[in-house]
Structure formats: C-alpha cells, structure tokens
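Each residue of the sequence shown is one higher than the one before, counting from 28 in the working numbering.
The hints are simulated quantities; they were obtained by calculation from the structure and are not laboratory data.
Note that the structure is a prediction, hence the values are computed from the model and not measured.
The beta-carbon is built from N, C-alpha and C at its ideal position, and this holds for glycine as well.
You may find that some hints are simply not true.
Cross-link-like lysine-lysine pairs, in silico, DSS-like; alpha carbons within 27 angstroms at most [claimed, not checked]:
#1 175 x 160
#2 34 x 120
#3 160 x 120
#4 177 x 188
#5 123 x 34
#6 160 x 171
#7 156 x 60
#8 123 x 60
#9 120 x 175
#10 184 x 123
#11 156 x 123
#12 123 x 175
#13 188 x 171
#14 156 x 177
#15 51 x 34
#16 160 x 177
#17 156 x 175
#18 34 x 196
#19 196 x 175
#20 120 x 171
#21 184 x 156
#22 177 x 196
Taking CB as the label site, the calculated pair distances span [as the list claims (entries may be wrong)]:
#23 101 x 61: 22 to 30 angstroms
#24 166 x 127: 14 to 22 angstroms
#25 177 x 121: 33 to 41 angstroms
#26 158 x 185: 17 to 25 angstroms
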Amino acid sequence: MNGFAQKVAERSGQNLNACYQCGKCSAGCPTVKWFEWQNHGVIRRIQLGDEEGLLGSCAIWMCIGCETCGTRCPNGIRISRLMDAMRNMALEKGIKAAEPAVMSFHQSFANSVERFGRVHELSMLVEFKLRTKDLFTDVGAGLKLFAKGKIPFWPGKVREKGRLDGIFKERARR
28 MNGFAQKVAE
38 RSGQNLNACY
48 QCGKCSAGCP
58 TVKWFEWQNH
68 GVIRRIQLGD
78 EEGLLGSCAI
88 WMCIGCETCG
98 TRCPNGIRIS
108 RLMDAMRNMA
118 LEKGIKAAEP
128 AVMSFHQSFA
138 NSVERFGRVH
148 ELSMLVEFKL
158 RTKDLFTDVG
168 AGLKLFAKGK
178 IPFWPGKVRE
188 KGRLDGIFKE
198 RARR
C-alpha cells in the first residue's frame, strides 16, 4: 500500500484492500452524480495514491455521510469515513474545498458540535448563512420549520460535555 493509502486507511479505520470494485457502494449513493468518480473509483484512486486529485476533488466534500455505501458494501467499507479522513487531510494541507458552500457548511457544523456538544441547528444555520453571504434565499422555509418547533431556539443539554471538550483540545494539539 502506498503512503497516501496507508494514511487514509489509518485515519479512517477502513481496510482499503478489502475493496474488489463490485460497485454496490456507487449504485446506492444518493450524491454520486456530483462526484468526479463513483465511490468505488474513489477507493481505487486512494489505492493508486492519487492524493492531489482526491484532496482537491468535489467528491470528498459532496459525501453526506449517509452510510448507504457502507451498508451495501459486502466487506463493510465505510466510504463516508474515508471521505471524512480526506476532508481533514485537505484542511490540514490548506487545500481549498472544490465546493466552497460545502466547506462553509462543514465548518459551521463542526463549530456547532464543538460549542454545544451536539448540532444546534439554529446557530449552525445562522453561521452558515453568514459565511456564504446568502442570508435570505430560504428564510421562508426556515421560519416555517422554526414555527413548527423543528428548529429549537435553545441548544439541548449534553451529558459529559467536558469529555467532548477534551477530544477537541486533543485534536487541536495535533
């Protein structure tokens, strides 16, 4: 296994050698049409060491982490974990996301989890809208969801938030 593949495998906890390119992951993926390569093609590119191509691709940012791929994979490979690992590697290398709005969402989501111990939808959406400077596009839908109680005003309580804070501090030290 090449150096890039080994890093991705270690960081994701996935066995890349188990993929025999059956394509079941790609067949079920709801966002694969926005990827440059199908899911099993992403795994093949990792195996071939295409670090530059993958870390600069749309594919790693368009994965929504639904786990359909991992559920369908006969060998249990969780491609969303591979995508997460590569997103983090791209960020660490200072590579700009091929899809800026997706990167803004990723940052807003992570900030919400770090701040509250879970996703607080209202603050995450406000931060995302401010980052993208797209404040009013879907405000009507947001207000309807808020009025129905689907988007809580206050973040929920989280047990053991200190433990989660420790994880974020450890991550920041790396």
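For this structure, which hints from the list above don't hold up? When the structure is compared with the hints, numbers 9, 10, 12, 13, 19, 20, 22 turn out to be violated.
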